[in-house]
Each structure stands twice: as structure tokens, then as C-alpha cells.
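Student: As you go down the protein sequences, you meet chains A and B in turn.
In short: position in the first sequence from 1, add 225, done, that's my numbering.
In short: position in the second sequence from 1, add 225, done, that's my numbering.
If you're looking for bench data, these hints aren't it; they were derived computationally from the structure.
Just so you know, not all the hints are guaranteed correct.
When chains are identical, the list treats them as one kind, so a pair holds in a single copy or across two.
As the list claims (entries may be wrong) - No farther apart than 35 angstroms at their CA atoms in a straight line, the calculated lysine-lysine pairs in the DSBU-like style are these:
no. : residue 1 : residue 2
1   : 376       : 353
2   : 376       : 360
3   : 439       : 419
In this text, all values refer to a predicted model and were calculated from it rather than measured experimentally.
Protein chains: 2
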Amino acid sequence: MSTSPRNNSDEPVVTSYALAPTRTITTDGVTYAYRELGPKGDIPVIFFVHLAATLDNWDPRIVDGIAQNRHVIAFDNRGVGASTGEVPDSVEAMADDAYTFITALGFETVDVFAFSLGGMVAQDLVIKHSQLVRKLILTGTGPRGGKDIDKIMGVTYWDILRATLTRSDPKEFLFFNRNTTGRKAGKQFVARLKERTVDRDQDMALRGFRTQLKAIVKYGRSTPSDLTLITQPTLIANGDNDRMVPSVLSEDLHQRIAGSELVIYPDSGHGGIFQYHDEFAPLAAEFLGK
Amino acid sequence: MSTSPRNNSDEPVVTSYALAPTRTITTDGVTYAYRELGPKGDIPVIFFVHLAATLDNWDPRIVDGIAQNRHVIAFDNRGVGASTGEVPDSVEAMADDAYTFITALGFETVDVFAFSLGGMVAQDLVIKHSQLVRKLILTGTGPRGGKDIDKIMGVTYWDILRATLTRSDPKEFLFFNRNTTGRKAGKQFVARLKERTVDRDQDMALRGFRTQLKAIVKYGRSTPSDLTLITQPTLIANGDNDRMVPSVLSEDLHQRIAGSELVIYPDSGHGGIFQYHDEFAPLAAEFLGK
Chain A
226 MSTSPRNNSD EPVVTSYALA PTRTITTDGV TYAYRELGPK GDIPVIFFVH LAATLDNWDP
286 RIVDGIAQNR HVIAFDNRGV GASTGEVPDS VEAMADDAYT FITALGFETV DVFAFSLGGM
346 VAQDLVIKHS QLVRKLILTG TGPRGGKDID KIMGVTYWDI LRATLTRSDP KEFLFFNRNT
406 TGRKAGKQFV ARLKERTVDR DQDMALRGFR TQLKAIVKYG RSTPSDLTLI TQPTLIANGD
466 NDRMVPSVLS EDLHQRIAGS ELVIYPDSGH GGIFQYHDEF APLAAEFLGK
Chain B
226 MSTSPRNNSD EPVVTSYALA PTRTITTDGV TYAYRELGPK GDIPVIFFVH LAATLDNWDP
286 RIVDGIAQNR HVIAFDNRGV GASTGEVPDS VEAMADDAYT FITALGFETV DVFAFSLGGM
346 VAQDLVIKHS QLVRKLILTG TGPRGGKDID KIMGVTYWDI LRATLTRSDP KEFLFFNRNT
406 TGRKAGKQFV ARLKERTVDR DQDMALRGFR TQLKAIVKYG RSTPSDLTLI TQPTLIANGD
466 NDRMVPSVLS EDLHQRIAGS ELVIYPDSGH GGIFQYHDEF APLAAEFLGK
């Protein structure tokens with residue numbers, strides 16, 4: 226362990242993700258890159274990121290909204306961005322990595338904010354290490370064995386092709402509807418990801434991207450998990466027209482996780498929480514603060 | 226300029242690409258990574274690599290075959306693998322980078338061995354800086370404005386999708402026929418690329434890959450170059466069934482480059498020269514040695 230955020234209490238509090246310093250911690254032979262912001266001392270909120278995503282893929286409006294009152298930590302999965310090692314070929318292994326990373330930082334209890342693949346990883350983590358997680362936010366995601374999750378590969382490659390042909394960011398196709406509202410929201414989202422201008426992360430590698438896609442397909446074709454094992458307060462959110470992880474799977478999660486809250490945003494896709502960040506960021510902050 | 230291979234004449238001669246040291250040279254704010262092998266002192270052979278390729282993408286059977294008697298230098302394009310900077314969005318800019326790299330190493334005359342995108346870059350380089358290149362080998366490539374080069378994007382994404390679904394390397398689909406001979410040749414080629422076990426290069430980033438693809442499409446839709454400006458002895462080679470850069474474009478290059486030699490291998494695709502490395506490596510070495 227090379228550093229612990231708990232030892233840095235003399236530093237000024239950063240509350241803008243664009244300015245959050247990138248740190249590293251090495252454990253079990255893997256160096257994890259992470260960024261942290263917000264006031265320290267209480268239970269941190271760990272952000273679990275999506276397919277092909279690095280530290281530069283979090284919407285600052287959502288991170289900043291939560292970091293006003295909470296210690297937020299975003300990290301690069303193993304083999305992604307500035308984290309070393311090989312990209313794991315299963316969601317279970319990614320959950321083991323998340324556990325390794327969190328405990329290496331010295332935390333015994335955390336809240337989890339997860340999006341898409343991150344939400345799959347978070348579910349596996351919570352089921353295996355229930356005591357580690359206090360509250361859970363699952364966005365744009367679905368359960369192990371969820372119907373049509375295994376179609377993500379075709380959708381993803383098709384949208385990357387469309388985006389490449391139109392010189393756009395693939396996320397504009399993958400995360401947002403192709404109507405006026407969605408196109409505008411997509412452009413704005415992509416622009417927000419560029420607000421950080423210094424110390425940006427390394428791009429996702431093509432090979433690791435393919436490995437992550439395969440891991441998601443495998444997760445989609447797996448035996449379902451027993452979601453009654455998730456007893457944490459859980460907030461579930463998505464757009465109503467998610468083509469990557471079908472929106473109906475958010476309903477499914479809601480039915481199977483007792484006491485969970487569900488928010489489905491209209492006229493939006495996989496990136497519904499980013500399109501509706503004005504509403505969602507305070508909602509998530511309030512849920513975590515309760 | 227941080228180093229020059231000409232100053233390293235006291236080192237032992239490496240003739241195996243798997244053992245070639247990786248070096249860097251910094252010029253115009255870009256650090257280029259390269260590997261060199263073979264006896265130094267005479268005109269070097271510079272290898273121009275393909276789409277999405279790093280230093281780890283050269284078939285050692287072909288490199289080694291030429292490095293027995295020639296100083297071989299392979300390099301990472303700007304923004305690819307261990308070379309720094311942004312991936313250029315045009316083939317012209319890649320050719321300018323190649324010129325910058327070669328002249329930074331202190332060479333006034335080189336031979337060029339180019340494959341696929343590398344062959345497009347090489348043509349632009351030769352047309353702009355004719356005096357720099359003595360002999361030219363163009364493999365699996367086509368001319369600026371070549372018919373159907375702009376279809377490469379669909380073919381490439383489709384084959385990456387197929388490869389991801391079947392847990393194969395995309396090059397097995399993109400470079401080889403899907404018959405018994407091609408499948409076997411593809412597996413063997415991919416295995417040969419793994420012969421180097423230490424000091425391997427960084428993977429191609431997804432974003433840079435997309436930028437390169439767009440550059441190739443733009444090249445395919447450009448006004449043709451005047452290939453009569455290529456007066457260098459030129460060897461052209463390809464498989465007879467290239468789906469990425471149609472084989473007929475090798476014929477076209479042959480018609481338009483005066484005095485060029487053409488070799489088309491049967492029952493093979495874009496990676497025909499790798500499938501027929503037993504024949505092609507000595508042929509290329511002989512052509513360069515004439």
C-alpha cells in the first residue's frame with residue numbers, strides 16, 4: 226500500500242472533479258489509479274464506472290453534486306486507463322478487484338455509485354461482501370442473467386461504427402436517443418467530459434475493451450444471482466429507452482431488491498442519468514445523505 | 226534528438242525481432258518508439274505498419290528474414306503504442322511523421338517495407354520526399370483514391386465483432402480466408418506475434434484506432450496521386466482475396482508504378498504475405514539486396 230487517503234486530512238478540500246488529483250495505490254501487484262474529492266472523514270462514495278471507461282468518463286455534474294458533502298473516490302479498473310495489470314475477463318473478477326482496491330485504501334464501509342458495467346460489478350461485490358457496502362446506487366444496469374444483456378456486443382460495435390462514420394463520440398449513439406433532445410444531451414455530456422483539461426487519463430485499449438465486452442456477455446448468459454442477498458438501501462435509475470442494458474432490467478432489479486427505489490427518466494436512453502443530471506444529482510446526493 | 230542508432234556500433238548485432246531492444250527518439254515534441262536489429266552501417270529498411278498496429282504486430286519471420294543482412298527499424302506511429310502525441314487524422318500527416326522520424330535518426334536514404342495503412346503512408350512519403358527512399362515494398366495496400374478502400378470501416382468493425390464473439394484475434398478474420406488453410410495460417414500468424422515475451426508494446430487505444438480508420442476512409446475518397454512520381458524500384462505483393470484493401474488495387478499500383486514487380490499469392494487475403502512468409506521473406510530480402 227503506497228498511500229491512504231485517510232492520512233491526507235491536512236489537504237484542502239477539492240469539490241470539483243475536474244480538479245481532483247489522480248493518485249495511485251499498489252496492492253497485490255496491481256497499481257490502481259484513482260481520483261478523490263469532497264470532504265473526508267466519513268464513509269466514502271466509491272464510483273464504479275462503465276464499459277471502456279476511464280477516470281475521464283464521469284459526468285462532473287453528478288460527481289460534483291455528491292462531492293459537495295461526501296468523500297468521492299473514482300477509480301480505474303485493473304488494466305484500464307492508468308491502472309496496471311490485465312483487464313479481467315469476468316465481472317466476478319472485476320468485483321474482486323474492487324474489493325481489493327477498497328480494502329487497500331483502508332475502508333471497512335463504503336457507499337457505491339455504479340453505472341452500467343459498474344452496476345454489474347457492484348452487485349457481485351455486494352453479494353460477496355455484504356458488510357462492506359452501506360448504500361447502493363445502480364444506474365443503467367441490470368442483473369446477472371438479465372435478458373438481452375448479451376446483445377450488447379452487436380449494439381456497441383454498430384454504434385461505434387455509426388459514430389466513427391459521422392465523426393461523433395460513440396457515447397452519443399450508445400447513451401442517448403437519436404432525437405433532438407437526445408442528440409443535444411449527448412453533445413453536452415461529451416463536452417462536460419472534456420472540462421478537465423490537465424492530467425487526463427490514458428485511453429481505453431482496444432484489446433481490453435473487447436475483453437470487457439466478453440465479460441458482460443458472459444454475465445448476461447449466467448445463472449441469475451439471488452438478489453434477496455442485497456439488503457442495502459438501493460436506488461435504481463435509468464432512462465426509459467436503454468439499448469445497451471434494456472430499461473426493463475431496472476424494473477427487474479427493483480422487483481428483486483427489497484425496499485429499493487426506482488427512477489425511470491422519460492425520453493432518454495442508457496445515459497438517462499446524465500441527460501437528467503439536474504434532477505438526478507441532487508436525488509442521488511439526498512439518497513446517500515439520508 | 227535523444228539517441229542515434231549510428232552511435233551504437235559497439236553493440237552486438239541482434240537478428241531476432243523478438244529480442245530487438247525498444248528505443249526512443251524525441252523530435253518536434255513527439256517521442257517515437259522503435260526497435261532495430263540487423264547489421265548497421267548500410268541503408269536501413271524502415272518498416273511502416275498497419276492500422277491499429279504497434280511494434281508487436283510485425284511477423285518475426287519477415288522481419289528476421291530481412292534483418293539477416295540488413296539494418297531493420299520498425300517504429301510506432303505518433304500516438305500509437307509507446308510513441309507519444311495524438312494519432313494524426315490523415316495519411317499525409319502520418320507520412321510527415323515518418324519523414325520526421327527517419328530524418329531525426331539521421332538517415333538520408335532508406336528502403337521502405339510497408340504493409341496496408343503503412344503502404345499508403347509510404348506512397349505519400351515517397352511522392353513528397355522522393356530522394357529519401359531508394360527501394361519500396363508495398364504489401365496489402367492500395368493507391369490514394371483506390372476503389373472501395375472507404376469500405377474498410379464496415380469490414381473492420383464487422384470482423385472485430387465476429388472475432389470478439391468467437392474469442393479470436395480480429396486479424397484472423399481481417400487478414401486470412403475463413404477456409405481451412407486461412408484459419409490455420411491466421412492462428413499461426415497470431416502465435417508468431419506472441420513470440421516476443423518481454424518488453425512488449427502498449428495496446429492500441431480505441432480512440433486512436435477510430436482516428437486511423439477515418440484517415441484511411443479519407444485517403445480512399447481522395448483524388449488519386451500521380452504514381453508516375455514513384456520512380457524507385459518497387460515490389461508489390463498481396464493475397465488474391467484481400468477484403469480490407471481489395472487485391473485489384475495491387476494490380477492498379479503495379480500498372481501505375483513503372484517497372485514495379487507484382488506478386489499475388491493464391492488462396493489468401495490481406496495477410497497473404499504472412500501466410501506465405503516462407504516464400505515472401507526471401508523474395509523481399511532478395512529484392513532489397515539487388
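Student: Does each hint fit the structure? Answer for all of them.
Tutor: Hint check:
no.	hint	in the structure
1	376 to 353	within (26 angstroms within a copy, 47 angstroms between copies)
2	376 to 360	within (30 angstroms within a copy, 49 angstroms between copies)
3	439 to 419	both (28 angstroms within a copy, 21 angstroms between copies)
In terms of the numbered hints stated before, the structure departs from none.
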